[in-house]
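Novice: Full structure from sequences and hints, please.
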Amino acid sequence: MKTMKHIRYGSWGALALAMLLTLVGPFYSPAAEAHGERAQQASLRMRTMHWFDTEIQPRKVAVNETVHVTGRFMPSQWWPEHIRSVEESAFMNIGVPGPAFLRIDSRVNGVPMIRSTRFHLGKTYEYDVLLKARAPGRYHIHPVISVEGAGPIIGPAFWVEVTGDQKDFKHTITTMTGNVINPETYAMSTILWWNALWFVIGIAWLAWWFRKLPVIMPRYIKVEELGDDANQLITIPDMIVSALFFGFVMLVIAGGYFWANYQYPITSVLQTGKVEVEPLPQPPQMVEVEVNKATYRIPGRSFQVEMTVTNRSPRPVQVGEFNAANIRFINNKLLNVKAQEKDDLVAATGLRVDNPPIQPGETRTITIYADDALWETYRLTSLINEPDGRFAALLMFFDDQGTRYMQEIGGPMIPSFG
Amino acid sequence: MSTVSGAYGKGGTPDTTTRPTKSAVRNVQEQMAAWKNVDYTLIPIFSILIGGVTVFLIALTVGDWDYWADWRDRRWWPLVTPFSLIIPAAIFNYFFWKRFRLPIGATAMILGYMFGVWVSRYMNFHIFANFPMNFVSPSTFIGMGLLLDCTLALSRSFFLTGLVGAFLFAIVLYPLNWVTMAPFHVPVEYNGFLVTVADLMGYQYIRTAMPEYVRIIERSTLRTFGEAVTPLTAFFAGFVTLLNYYLWVWIGSILTQNRWLTRLI
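Chains A and B supply the protein sequences, listed in that same order.
Be aware that the first sequence starts at 1, since it is given in the working numbering, and climbs by one per residue.
Be aware that the second sequence starts at 419, since it is given in the working numbering, and climbs by one per residue.
Keep in mind that a hint or two might mislead.
[What the hints assert, rightly or not] Here are the computed distance ranges between Cβ atoms for each label pair:
#1 A:Arg84 - B:Ala477: 22 to 32 Å
#2 A:Thr235 - B:Leu665: 27 to 37 Å
#3 A:Thr172 - B:Ala547: 18 to 28 Å
#4 B:Leu578 - A:Glu276: 46 to 56 Å
If you're looking for bench data, these hints aren't it; they were derived computationally from the structure.
Ideal Cβ positions, reconstructed from N, Cα and C, are used throughout, including at glycine.
Specialist: Below, the structure is given as structure tokens:
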């Protein structure tokens, strides 16, 4: 008996909890922290695009103010052969939640990116996307390269806060016919009256057939009774009204068409197609790197790369940064790079380089260690569970005057379990 | 007391083997009131049901071609849309004609659809996703439904309705919507490119999941008549819509048989 009572109390308690969650749940909505970049396979993130020098400024703007998203990217030479290549068709995109911003301009190496394009593997490109704040809020903005048939490749992001009121947002477009239009409300009155007119005509047609209720049951019974002679239910007035409606509808369609041509005598068809973008001039290769062995030691979350480096530059060079899948592992003995905010993917002390600088003309075998919990939190450790667990990364060397030499490295990765 | 003639079967003879011997209605007035209630109940339910079904159908088959102003190109949109929309139009055209001799199926369906799709675009695309309403407002198809229904009323023949009505159903799509499309086809020069207002809005109002190449915009081949893409597409769409109409009238004739209902009951 007592057990039954407990069960009853338990049931009521569960019901109350469910109701509470139902009522309170909708009010708990934590900010979306990412655009799914962690969901993509680690090796694909590493072997598709290297993003670097990403900058988004300013980080706090009011509605109507602009934000620049700038940086560089290099399509990987280790691009997976089983997915469509960025060398076929791609689009310089931006990752924001809907039209919270307007894309006023976007360029890659100075070429406007309203259309799709293609990028060459191993070459460097510089982008600049100009956004105009439209809706207040806090947004995580990513540069994105969308690859046709493959999907989006999401670059590093920064948070941007937009203040103000969307009601104050102003934007205009000047057409080639000389009109300055507001795209927020452009042609809306035409859309409304044209649709309203058709709703009225459509309802008038139904009203004719339902002008005298009841309709459904008596007609159903009559049709059943009359069988093959049921067409006599369509009366002469019905025929006349149908003919009038038919003619009127044709007239309205034709009239609307000619009215639109009169109002907008100059129109064009939707435009599409590709543009060509030349890559940035490639600097002479001053540092040559050959990967001998890459190992990921699972217990220590440590990625080790043993490589042979030849320095052809006139000054000694040292490894300063290892950039893989948007995570920057920094050699803090050489560079002082800190995470700019909580979600900035910088391991400020994540790169260990236990060797002295490589002298001009010297060839030496060195080992670097990229160690950080970001391997785990950004799901790069899943590399060991992937069918093609090869890696690729961007290695950045610096000489004593701060000149940067970049070299992409890649190859097979061997896991170490001890 | 007057009796209700014809209410229970042919010739007004009550069928006592399958029907109750006593009716809930006692006179003509009560019968008429009950039938009016049937109208008041069924008409809104039918409108919502068939409109809702069509919203899903069009979302699945036409989708982006109708969602965005910068997708309504001169070939695919006027071909895919009537070909898909004729499916429910043919079924309901048949159903309302065959069961009630009412030439309202296509118009009623499209009115229900238009109501549903306006609610959807306003709530989902404008209020929730924050796109300007003009950029995501739906195309109108009511005139197409009216032509189909009027042809049926005038011809009283599914064959002629297909030949004339279904053909017109497809052909008028582009001119019917040109009133609301033309403003968005006004040319704009943007960074040295010729684009339309729709193209530019599609670029400026960011859709992260819709890179430019995703739009399926007809670009012609060497076999295409240079400036006749839209009229040729309209005639081709008319022809395939006509065939699709006959197919779905036939399927409708199977789907709307009484035996499905009696089996359920």
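Novice: So, against the hints stated earlier in the document, which numbers end up violated here?
Specialist: none
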